[in-house]
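Below, each chain spelled out in residue letters.
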Amino acid sequence: MNKQPNHHISDELLLAYAAGSLAEAQSLIAACHIASCPDCRAKLKAADSLGGALLDNLPPEPVSPGSLEALFARLDAPAAQDKPATSPIRLVQTIPGVPEVTAPAPLAQYLGALRWQRLGPGVQSYVLPTSGGASARLMRLAPGVRLPSHRHRGLELTMVLAGGYHDGLAHYGPGDISELDEAHHHQPVVDRDGECIALAVTEKLALYDRFVYRLIQPLIGL
Amino acid sequence: MLVRCVAESQDRAAFARLFQHFAPRLKSYMRRLGASEGEAEELLQDTFLAVWRKASSFNPEAASVSTWLFAIARNRRIDVLRRTRHVDIQPDDPDLSPAPAPMADDVVNAGQRDRLVRQAMADLPVEQAEVIRLSFYESLSHAEIAEMLGLPLGTVKSRLRLAFNRVRSALEIGRAEGEGHGDLI
Numbered sequence: 151m152n153k154q155p156n157h158h159i160s161d162e163l164l165l166a167y168a169a170g171s172l173a174e175a176q177s178l179i180a181a182c183h184i185a186s187c188p189d190c191r192a193k194l195k196a197a198d199s200l201g202g203a204l205l206d207n208l209p210p211e212p213v214s215p216g217s218l219e220a221l222f223a224r225l226d227a228p229a230a231q232d233k234p235a236t237s238p239i240r241l242v243q244t245i246p247g248v249p250e251v252t253a254p255a256p257l258a259q260y261l262g263a264l265r266w267q268r269l270g271p272g273v274q275s276y277v278l279p280t281s282g283g284a285s286a287r288l289m290r291l292a293p294g295v296r297l298p299s300h301r302h303r304g305l306e307l308t309m310v311l312a313g314g315y316h317d318g319l320a321h322y323g324p325g326d327i328s329e330l331d332e333a334h335h336h337q338p339v340v341d342r343d344g345e346c347i348a349l350a351v352t353e354k355l356a357l358y359d360r361f362v363y364r365l366i367q368p369l370i371g372l
Numbered sequence: 019m020l021v022r023c024v025a026e027s028q029d030r031a032a033f034a035r036l037f038q039h040f041a042p043r044l045k046s047y048m049r050r051l052g053a054s055e056g057e058a059e060e061l062l063q064d065t066f067l068a069v070w071r072k073a074s075s076f077n078p079e080a081a082s083v084s085t086w087l088f089a090i091a092r093n094r095r096i097d098v099l100r101r102t103r104h105v106d107i108q109p110d111d112p113d114l115s116p117a118p119a120p121m122a123d124d125v126v127n128a129g130q131r132d133r134l135v136r137q138a139m140a141d142l143p144v145e146q147a148e149v150i151r152l153s154f155y156e157s158l159s160h161a162e163i164a165e166m167l168g169l170p171l172g173t174v175k176s177r178l179r180l181a182f183n184r185v186r187s188a189l190e191i192g193r194a195e196g197e198g199h200g201d202l203i
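Those sequence lines, one after another, are chains A and B. Residues in the first sequence are numbered consecutively from 151, following my numbering. Residues in the second sequence are numbered consecutively from 19, following my numbering.
Treat the hints as calculated values from the structure; they're not laboratory data. What you are looking at is a predicted structure, and each value in this text was computed from that prediction instead of being measured. Hints may contain errors.
[Stated by the list, open to error] Covered, in the sense of this in silico footprint (three residues per stretch, anywhere, with C-beta under 8 Å from a C-beta of chain B), are these stretches of chain A: (1) 170-178; (2) 192-205.
[Stated by the list, open to error] Quick partial rundown of chain A residues pointing at chain B, CB under 8 Å, derived from the structure: (3) L165; (4) A181; (5) I184; (6) L208; (7) V213; (8) S214; (9) L218; (10) R224; (11) T252; (12) A255; (13) L261; (14) G282.
[To be verified] Counterexamples of contact, computed for chain A against chain B with all Cβ distances above 10 Å: (15) D161; (16) A166; (17) A185; (18) P209; (19) P210; (20) A220; (21) L221; (22) L225; (23) V251; (24) P256; (25) G270; (26) G272; (27) T280; (28) S281; (29) H334; (30) V339.
Ideal Cβ placement from N, Cα and C applies to all residues, glycine included.
In isolation and in its complexed conformation, chain A is listed as follows:
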């Protein structure tokens, strides 16, 4: 992903990410886009500064008198007794089964148990282990595949990791993210010159336009 992305996350989403009010799956996809987008990283620094500035302005609240002593006692205790500190994410992995595609750093820790599941002709998916009110899945789409036309009950975020697709309005390539609310119907069509790997995050199940897809939806969980 050496090219700079053309489609970015919205300012609202970036602020919600900085404020920590997104579900895990949403914060994952936001982090993946920000990791591959220098412009959004610059914005994130501004948004984090907002959090710091607000912190300075909060009225202090008295801390329990023994708190600092308890903390010193924990610093003295062997590290093994504490919960393991979260290490900075530096893993760089490739997408399992697609070794030529590098996973964005934030995604690398979610790929350990990846098993592609076939959903239909040219469509494979893997649901990532996240908790909270949104779900994340990797999609692996064959060249030229046309997904069923659908819309969503909540926010639908899609980020291309490799290849590309056109959704009738715009083309999305590596690093690009599409952010669609429930007003949008769309029908992604994968580029003909290669398969497309994408990360998709939805709040609620999609509403398919065609009845037949609604029938099979309980089976595919999309």
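Position chain B against the provided structure of chain A, taking the given hints into account.
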């Protein structure tokens, strides 16, 4: 520089001063986000343990101490209180795709940036400052803010965008002034 003293010589006096200044503010933050008294105290312990361990990764060029602490506390509180995770990213991680040119904010140092952001926040119209505060300090989703204020969701989002644009243009102006002083590499 307190954090550097903690990082380089495990200086407990410096650590205690950091705690005394920031713990009461962080506690206030945790309480606003719905933590009970006991949970807030436990989160303070977690947050400052992380501060002790991560002190060496603090980069004063990239973030002020309050911005750095805010990010640590935000992540701890999501891990613990919401029993879910915030997927964290360090905007200055050199492993991330490099920017072709210096990033806009990089020419303004962290201290300047915080001062500019604070000033821009103080200058925001009340209704814009309010949605920023609710977003960061009640950790409400935009839909929840809309419901609470009795506003359409689109209005909440546009207020957030306007507020963020003002803050960012304050940083841009700061950058332009920085260039005037030959700060650009």
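Structure-based check of each hint:
{"no.": "1", "hint": "170-178", "result": "holds (count 7)"}
{"no.": "2", "hint": "192-205", "result": "holds (count 14)"}
{"no.": "3", "hint": "L165", "result": "holds, 6 Å"}
{"no.": "4", "hint": "A181", "result": "holds, 4 Å"}
{"no.": "5", "hint": "I184", "result": "holds, 5 Å"}
{"no.": "6", "hint": "L208", "result": "holds, 4 Å"}
{"no.": "7", "hint": "V213", "result": "holds, 5 Å"}
{"no.": "8", "hint": "S214", "result": "holds, 5 Å"}
{"no.": "9", "hint": "L218", "result": "holds, 5 Å"}
{"no.": "10", "hint": "R224", "result": "holds, 6 Å"}
{"no.": "11", "hint": "T252", "result": "violated, 10 Å"}
{"no.": "12", "hint": "A255", "result": "holds, 7 Å"}
{"no.": "13", "hint": "L261", "result": "violated, 13 Å"}
{"no.": "14", "hint": "G282", "result": "holds, 4 Å"}
{"no.": "15", "hint": "D161", "result": "violated, 5 Å"}
{"no.": "16", "hint": "A166", "result": "violated, 7 Å"}
{"no.": "17", "hint": "A185", "result": "violated, 5 Å"}
{"no.": "18", "hint": "P209", "result": "violated, 6 Å"}
{"no.": "19", "hint": "P210", "result": "violated, 3 Å"}
{"no.": "20", "hint": "A220", "result": "violated, 7 Å"}
{"no.": "21", "hint": "L221", "result": "violated, 5 Å"}
{"no.": "22", "hint": "L225", "result": "violated, 6 Å"}
{"no.": "23", "hint": "V251", "result": "holds, 15 Å"}
{"no.": "24", "hint": "P256", "result": "violated, 5 Å"}
{"no.": "25", "hint": "G270", "result": "holds, 29 Å"}
{"no.": "26", "hint": "G272", "result": "holds, 29 Å"}
{"no.": "27", "hint": "T280", "result": "violated, 8 Å"}
{"no.": "28", "hint": "S281", "result": "violated, 5 Å"}
{"no.": "29", "hint": "H334", "result": "holds, 15 Å"}
{"no.": "30", "hint": "V339", "result": "holds, 27 Å"}
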